[in-house]
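2 protein chains.
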Amino acid sequence: MQKLASAFIFLFLIGLTKVFGQEVPKELENIISPQVNPDQTVTFRFFAPKADSVQISSDFLPPIKVMSRFGLVDGPGKIALTKDKNGLWTYTSKALASELYSYSFLVDGIKTNDPNSPYALRNGASLTNIFIIGNGIADLYKTTDVAHGTLVHSWYPSSGLKTNRRISIYTPAGYEQSTDKYPVLYLLHGAGGDEESWAAHGRAIQILDNLIAQGKAKPMIVVMPNGNVAQDAGYGYGRDGFYKPEFLLPRSMNGEYEANFMDIVTYVEKNFRVKANKANRAIAGLSMGGFHTMHISRYFPNTFDYVGLFSAALMEREDATGKVYSQIDQTLKTQKDNGLKLYWIAIGKDDFLYKANVDFRKKLDDLGMKYEYVETEEGHIWKNWRIYLSQFAPRLFR
Amino acid sequence: MQKLASAFIFLFLIGLTKVFGQEVPKELENIISPQVNPDQTVTFRFFAPKADSVQISSDFLPPIKVMSRFGLVDGPGKIALTKDKNGLWTYTSKALASELYSYSFLVDGIKTNDPNSPYALRNGASLTNIFIIGNGIADLYKTTDVAHGTLVHSWYPSSGLKTNRRISIYTPAGYEQSTDKYPVLYLLHGAGGDEESWAAHGRAIQILDNLIAQGKAKPMIVVMPNGNVAQDAGYGYGRDGFYKPEFLLPRSMNGEYEANFMDIVTYVEKNFRVKANKANRAIAGLSMGGFHTMHISRYFPNTFDYVGLFSAALMEREDATGKVYSQIDQTLKTQKDNGLKLYWIAIGKDDFLYKANVDFRKKLDDLGMKYEYVETEEGHIWKNWRIYLSQFAPRLFR
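Top line first, the protein sequences correspond to chains B and F. Residues 1 to 398 in full-length UniProt numbering are what the first sequence lists, from first letter to last. Residues 1 to 398 in full-length UniProt numbering are what the second sequence lists, from first letter to last.
Hints in this document: simulated from the structure, not taken from any laboratory. Remember, predicted model here, so these are calculated numbers, not experimental data.
Same chains, same label: a pair holds when it works inside one copy or across any pair of copies.
Computed list of lysine-lysine pairs in DSSO-like fashion (alpha-carbon distance at most 30 Å, straight line):
#1 Lys278 to Lys218
#2 Lys275 to Lys333
#3 Lys216 to Lys162
#4 Lys244 to Lys83
Could you put the whole structure together from the sequences, leaning on the hints where they help?
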């Protein structure tokens, strides 16, 4: 065993050398970063003996204004780490409220991931580290010791789009062992996202596992499709290989996705044990996915009993002349007349889409269509969308 | 639509600002890196106007010796990028052979991910970017326009380990639509890995999809369990949350995993449509997973007709006194006497486990146990394990 252990330690050191790209003093081999402390402060550490400055950029810090071509906008706050004699930079935050936070280091101004943590999410074309502070809302975002559902990545045939397309589907704990049929929530991502987003940024798997285990949500199947019809699959999973992500892919808001949405419903209802009726179908989406949700649910106006618009991109599009976008008021009225159990709208006070949502609610009021409205703090951020899912899911299939 | 487009561009710029952590000149907003050129050269770009040096560190470059406490070892090669007047650093490689390569940047000596590519794999505690060069072996590692299988992440109950444990299971294209039963390959990861590794580093999903579509491998289910019994799930997926990965977790090579392996087989055979007999079961693993494979297949000596040892950690362990590790020669002889169709051993010439594999083959020779032996170039690297899977899978269930 000595021999084996030595051989593995040997390999491990090669790993370390690769990680740091330079020789690491022995006492710095086991740098822990981030370290969530018992008092909910967090200590960050970064080894950079030659750097003149190391900062952390994160959404737990007060936002700072950043100049863009549209003027001053909010960006994540920054604060400097302090260097010790070995070249180890350290910063400890104040006690943080429960949340999933993201952060990067800026080493002499250049954004760098934390080399001591592989936990990161795609943010545009790049990766950004994350950590979770519990003892509050974010306990829902943790994998806890409850019965777990299953996450399936499969491919559905879209006859309308003439290709197979990748899709993520959550089945709740007990699905495999049961013969029951389940209700289905279709959960749509926003621009820049794909069929991985709700499970990744959205923590939808953990939220559903936890809400169901606590008896707060009914066991349900959650279907997370890809809303970018230019892709057969999310970034890195499809036939186009590894390419630089774009914020808004062509054809994502031209009606093709909405018009062909029944390809997804048909696939799910054929391949999973579902209750295939309106009372057991819900649809919700964030931002662009909220736009998709609004249009899909009224274009197929007798299909979903539950509709959720999370910070939805609800503005009229002058170039949207396709069949899907015609007769909006008329189909909304048909949807209302057909009846539905919950039309749920949530948005943050600071969202750039706030005004569009005010206008849309006015339209619904004029049509006499009932809805529930939830207004939260802050703006167009995943923090809000996780909270909206946590509030919306318990309302379904009651 | 103007309004909507503006709003989205607005958000996108916030994203860019966050990615770079500083203002980006307009002409540099759309940096493409890496760019795989038609002649199989690759251009890397990194924006760092204030940096004094930017290097790329990658396995496509000639390896360089790096000092460690065990002396000089091979590390990935490095080469300098060239800076232009805007602060954009560039390097173009020579034409590269088909392979999946990994790389990082070193900015003034500090390892940095590519901010223009989110495609990265966990390497120890850190993330390292990847890219693929096709027109050769690595075409098998690409998602191509063939019928795709499904990847399932579920949790199996281990009565032996007294917990639910996460497991990845691939079902081939057509599984959902068929009523057929399928053969099963159990595919085990190495130290530092988990139930995500074969799908991530190993490109097992793409390899199987492609080999099956080409008629080179039979449609099969591939089961990728977690071999670290200290974990309920891989790094970031389990109840222990986000913590720094260790190379070799406690209890990973103490016999608990091997002794309780039938919990996995039972779960798979209960929940999937499989041919539940020896002729339709294969097991293979890399490094520590090869060690597990050797021990599991002889401890349950009438269970698997196909056994694959990929760079297997086949040394005797003086501290391994548990029941699993007793009577090794005797159980190997029983396994031989029970009969099996293929015992396949592969290793690279430069592998630090080469000698251990020579010794093990000597043992098999002494026992009169037949095996096939494949010796390749290079050492203990994922490149070899992807190649071994590509060679082993076509041999199964014939």
